[in-house]
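As they're listed, the protein sequences go chains A, B, C and D. Oh and the first sequence: position 49 is 49 in my numbering, straight run, nothing missing. Oh and the second sequence: position 46 is 46 in my numbering, straight run, nothing missing. Oh and the third sequence: position 235 is 235 in my numbering, straight run, nothing missing. Oh and the fourth sequence: position 159 is 159 in my numbering, straight run, nothing missing.
In short, the hints are calculated from the structure, not lab data. Beta carbons: idealized from backbone N, C-alpha and C, even for Gly. Don't take each hint at face value.
As the list claims (entries may be wrong) - Only some residues are given here: those of chain B computed to face chain C with a beta carbon under 10 Å:
1. Val-100
2. Val-102
3. Ala-105
4. Val-183
5. Ile-234
6. Ala-250
7. Gly-255
8. Thr-278
Unchecked claim - Think about it this way: if two alpha-carbon atoms lie no more than 30 Å apart in a straight line, the pair counts; the simulated DSS-like pairs of lysine-lysine are:
9. C:Lys-65 to A:Lys-43
10. D:Lys-131 to D:Lys-91
11. B:Lys-264 to B:Lys-132
12. C:Lys-80 to C:Lys-51
13. D:Lys-199 to D:Lys-80
14. A:Lys-243 to D:Lys-362
15. C:Lys-358 to B:Lys-264
16. A:Lys-243 to D:Lys-320
17. C:Lys-77 to C:Lys-94
18. D:Lys-128 to B:Lys-115
19. D:Lys-320 to D:Lys-305
20. B:Lys-228 to B:Lys-144
21. D:Lys-131 to B:Lys-10
22. D:Lys-77 to D:Lys-199
23. C:Lys-128 to A:Lys-43
24. A:Lys-272 to D:Lys-264
25. B:Lys-264 to A:Lys-10
26. D:Lys-320 to D:Lys-279
27. B:Lys-115 to C:Lys-131
28. B:Lys-113 to C:Lys-175
29. C:Lys-343 to C:Lys-358
30. D:Lys-80 to A:Lys-243
31. C:Lys-305 to B:Lys-275
32. C:Lys-80 to B:Lys-243
33. D:Lys-80 to D:Lys-230
34. D:Lys-131 to B:Lys-115
35. D:Lys-230 to A:Lys-243
36. D:Lys-305 to A:Lys-10
37. D:Lys-14 to C:Lys-175
38. C:Lys-94 to A:Lys-43
39. C:Lys-83 to C:Lys-65
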Amino acid sequence: MAVLVNKDTKLLVQGITGHQGRYHTMAMKEFGTNVVAGVTPGKAGETVEGVPVFNTVQDAVDSTGANTSIVFVPAPFTMDAVLEAIDAGIELVVTITEHVPVHDAMKMVSYAKMKGARIIGPNCPGLASPGKAKVGILPNMVFKEGNVGVVSKSGTLTYEIVNSLTEAGIGQSTTVGIGGDPVTGTSFIDMLELFEKDPETERIVMVGEIGGTAEEEAAEYIKEHVTKPVYAYIAGRTAPPGKRMGHAGAIVSRGRGTAESKIKALRSVGVKVAKIPTEIAELIKEDL
Amino acid sequence: MAVLVNKDTKLLVQGITGHQGRYHTMAMKEFGTNVVAGVTPGKAGETVEGVPVFNTVQDAVDSTGANTSIVFVPAPFTMDAVLEAIDAGIELVVTITEHVPVHDAMKMVSYAKMKGARIIGPNCPGLASPGKAKVGILPNMVFKEGNVGVVSKSGTLTYEIVNSLTEAGIGQSTTVGIGGDPVTGTSFIDMLELFEKDPETERIVMVGEIGGTAEEEAAEYIKEHVTKPVYAYIAGRTAPPGKRMGHAGAIVSRGRGTAESKIKALRSVGVKVAKIPTEIAELIKEDL
Amino acid sequence: MKLYEYMAKDIFRKHGIPVPEGYVIERPDEIRPFEGEIVLKSQVLIGGRGKAGGIKFASSMDEAKKVAEQLLGMDIKGYKVKKLLIEPKIKILKEYYMSIIVDRSSREAMLIASAEGGVEIESVPDEKIFKRTINPLIGVQPNVVRALGYFLGLDKEQTKGIGKFVYALWDAFTKMDADLAEINPLVLTPEGFMAADAKFIINDDSMFRHRDIELVEEEYTPLEREAREKGIAFVQLDGNIGVIANGAGLTMATLDVLSLYGGKAGTFLDLGGTDDPEKVSQAFGIIGEAPIDVVFLNIFGGITKCDTVAKGVVQAIEKKPLKVPIVARIKGVNEEEGKEILKNAGISAFSTLEDAAKEAVKQGGGA
Amino acid sequence: MKLYEYMAKDIFRKHGIPVPEGYVIERPDEIRPFEGEIVLKSQVLIGGRGKAGGIKFASSMDEAKKVAEQLLGMDIKGYKVKKLLIEPKIKILKEYYMSIIVDRSSREAMLIASAEGGVEIESVPDEKIFKRTINPLIGVQPNVVRALGYFLGLDKEQTKGIGKFVYALWDAFTKMDADLAEINPLVLTPEGFMAADAKFIINDDSMFRHRDIELVEEEYTPLEREAREKGIAFVQLDGNIGVIANGAGLTMATLDVLSLYGGKAGTFLDLGGTDDPEKVSQAFGIIGEAPIDVVFLNIFGGITKCDTVAKGVVQAIEKKPLKVPIVARIKGVNEEEGKEILKNAGISAFSTLEDAAKEAVKQGGGA
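Using the sequences provided together with the hints, build the complete structure.
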């Protein structure tokens, strides 16, 4: 077992005929993901990497039984694509697209909640369960099957950390990039809950960054609900207030969202916080 | 155990200072319900039947820990009252008010789903679990504690049927009037699911009426999911098409919603359908 | 409240839905000079008026006036034509169907459309009907329009055109609290899509938000209208037993039980939860005017007590005696007291619905 | 994008929020004749301009022009005053605070208000702040306004007045895709409530829906503005090491690691997922203009391969050589090939972030 994706995942790629859609359809198939359908309006009947393309998500679901979707469509149309997936009964919608308007993000997250669907992202690299399936744009070669669950706001930084785990011989159950936007469908707490329940996950790595209070809230949650060891890295210790560090959410403003506050909160509930990204592998090794 | 209400129910009465609110606060207390608070904007500090009144639901919840609400406020303001209850974290909102605009009903039902709350009604008599609690306007004296779960679209007709059960010595676990409006928060299927799971409920009585296809859908559900014996009565066999029989939902139009179709669907899945309301007690007695 | 076609089209126009430029007349001499051909459409609330001869064309003033004379006052399935909607005849390339309704099962709205327009949607096979629920909190989204375009076989430009239609119809549906907003046929003309016909039902419980809409009560009998004004739930039926009961479900059940014993109800009158003597009086006033042979009163006392209702009944008939006998069935709280009160007023009161129903059928001269 | 007060007030006015009748000037002689007293407000994006002397009053034309002359061109915390908003002085009975923000925790909007207006909301104790999340699909409902009225101690009439404010502010917040819409102080005047000040941030990712809004870029340095135009995520910092990395998280981590070894970053430049040589070229063009002593390139190769990025870097510096040395850290897919390419161009490339960081700090003359 792994969380959110597994061998039963039947993946639909929304925006499959675009550059990113095509490339990652191939990469996900190589990882072992069962990609069953693609959607691009007006392109029904085509195939991409052997995957049939449909005009609408409903058509794709009716024909292939797709239960999970990955969204590559441009930001102005992302909300519509996500709502279309939810209305067609897709249970997990992984939204890769960045620069999605924050009001669109709020609306689609509310709608997903109403309909009992889960959104990961927007502006996220997706997730990967080595040996099972990948729904995202994370590089295939950094992963190794194992028992550490990784949840992160970042992309490349996560690959770096996962790679260092793999190099240290520490495999992962599932790695999830939840995205660094202010409003995302899945939070640290959501993932902590899933990892805590997952029998295959023995340890949890959390990669946070400045901005918001999600890490502090996660610390509260860990205190009450998480029994598995948690390791963390928080990026942005030296970021000056008022400056947005790339991610829409990564900003220290009005005295909130500092790395110090997050690190303090996590340490106070027993989380081991690494000083540099690659130190996480070392901290885990010490505990093994 | 009973469904939806029990001894842990802490009830808030919205519109407590009105005529209906006052009367039923008394009646519910007599039934044994733990009525902890009332809300009427501008009336904070008053008491009704010994129950403290607050200006807002949030104030009431903060002060009393209310977890269930009954709504008596007039139809034009019902949606707002229900949304206020949901936002304050109330889990079960029993909406007695009739003549609620159907678009308001759709909105509040969607909102409840998003927030994980349950609405019963609008335009319903509420529910009663004898020996435990009543959240509604059903007459106290017709009930008797027992193992039959009753779900109904009607008010008085339900009292009549429950009374005949009681007179025949057949007690009830919970009786729920879901309301006869086209859009209601809780459906036959929702209640069948709860009754099927409830260890205290051994038999289920369903009181339907013409209009819509909820009874047909319930029959489908019974076929797949309900193992307990179900008994039904359907009102409106002789109602002419196109005429609304009191309830906003009770109308046979465009060939849909006839009593025949409902009775046929229910009989086909093994439900015993009574010809006259009081026959239900006899049908149950035969099976005992 | 069901609206006349011209009222529905007014609403459509206000919400941006293209409709033919028309006007309403009540007399033939109100027809305005025109070029080409016009259509004269009888304004009645019943469907199938075309087949019943309620829609005619004319290509000259003389002909138009003659046709108008013929249509005005005409009886269509029991409805008298009082108004005509006059519109230029439209060049129709293709007919579609579109509606938005309140969908009970999903508890959301539902968009329904078909390329088979102009016929009753019930007669169109399922696979030719497009159906999508629309959540009231999110509204119509572009993906719904795209799916609709593909389903109807429209090209990109046409899909854009029908999209405007759907958004506007949604706007009218939600802002005007509709139970139903239907366009049948929705026609494709050389100038684009247009609503050739219009059906619109405003949710009765929402009328307080739409006081500017002219009241339409044609669908009710005069007696039903009187009852509505008094806030009494009353339906006139074609039997001879006048049924009064408390609660809609119980009243329906009473009708059914009567029928089991060979009787036929002439009224459905739901007293609701009231035992206010004034209200009971009004109810008996309505029943008294209905063409019935016996009144059947069925009361289950719960919150409303049997004796208070009985007192109200006695007061009502003392004030204005009924010309027909009353058979009563009284059950529930304070049953005995209620029976006693009725008995003193000469009304036979039973405990079981069956016994009472049999007696009512007998007194009504049936079975 | 943060708006100037006068732009924010324009938006407020359009959405029905009462604001003082004002106008904007860029020269003292643009002041119009007035009666009574006016206020001259420096238009800068930084808070605390009042305390910094950026807001002045005047009661005659002469005085007003003198004050305007003094304010225009003034420096407030590094921001130059280019425009003044001229408004009549308002009679203030009481000051309140109100804002709507995007709330990350609830993933909904949040209405915040306080009877303690005119001061930074951060300095107001929690129990004096009203907070209610507003779901974006349902919007502001009357019960929220009621609760707000009770909290602020308003009477029924005042609650109605502030309700209009909240609905209008919600309208502006949602229609204009705001991250933040703030009124501080919201003032009670003898004529009712009014927005005395206005702060408005439009969500950057939503600007494509608001092309009519004048672009404000004052909050960025000229180099940051250039980068924004090229679509490069770039922030200028006050250290001397020019950091380029791929991915926002990794770039931040690079800054942090440098600091661990005593270095200080002068730039934050996130290449994102690109290995397009043109984009890499542009990035080096930006870095080259920053006042730094060494460039620190940190690449983790995943989807983007190390060697393609390395090729892009070499192309970029061949086209336009940097005046400072480059220290590189290359790790991940095709790491060795990437290192080889950089080595051939004279760039020392490390595998571990620690080693590379130490070298960069050394070359930058630090620690």
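*Does C:Lys-94 pair with A:Lys-43 here, judged by a C-alpha cut-off of 30 Å?*
holds, 26 Å
*Could you grab the alpha-carbon distance between D:Lys-80 and D:Lys-230 and see if it respects the 30 Å cut-off?*
It holds: about 25 Å lies between the C-alpha atoms, which stays within 30 Å.
*Is it true that the CA of D:Lys-131 sits at most 30 Å from the CA of B:Lys-115?*
holds, 18 Å
*Can B:Val-100 be said to touch chain C, with a Cβ gap under 10 Å?*
At 6 Å from the nearest chain C Cβ, B:Val-100 passes the 10 Å test, so the hint holds.
*Does B:Lys-264 lie within 30 Å of C:Lys-358 when you go C-alpha to C-alpha?*
Holds, at about 26 Å.
*Given the hint that D:Lys-320 pairs with D:Lys-305, test it: the Cα-Cα distance must not exceed 30 Å.*
holds, 23 Å
*Can B:Thr-278 be said to touch chain C, with a Cβ gap under 10 Å?*
holds, 7 Å
*Given the hint that D:Lys-128 pairs with B:Lys-115, does the C-alpha gap stay at or below 30 Å?*
Judged against 30 Å, a Cα distance of about 27 Å means the pair holds.
*asked:* Between the alpha carbons of C:Lys-80 and B:Lys-243, is the straight-line distance 30 Å or under?
replied: holds, 19 Å
*Are the Cα positions of D:Lys-199 and D:Lys-80 separated by 30 Å at most?*
holds, 18 Å
*Could you check if B:Val-183 really has its C-beta closer than 10 Å to a C-beta on chain C?*
holds, 5 Å
*asked:* Is the interface hint satisfied for B:Ile-234? The criterion is a beta-carbon contact with chain C at less than 10 Å.
replied: holds, 9 Å
This entry does not satisfy hints 9, 11, 25, going by the numbered hints stated previously.
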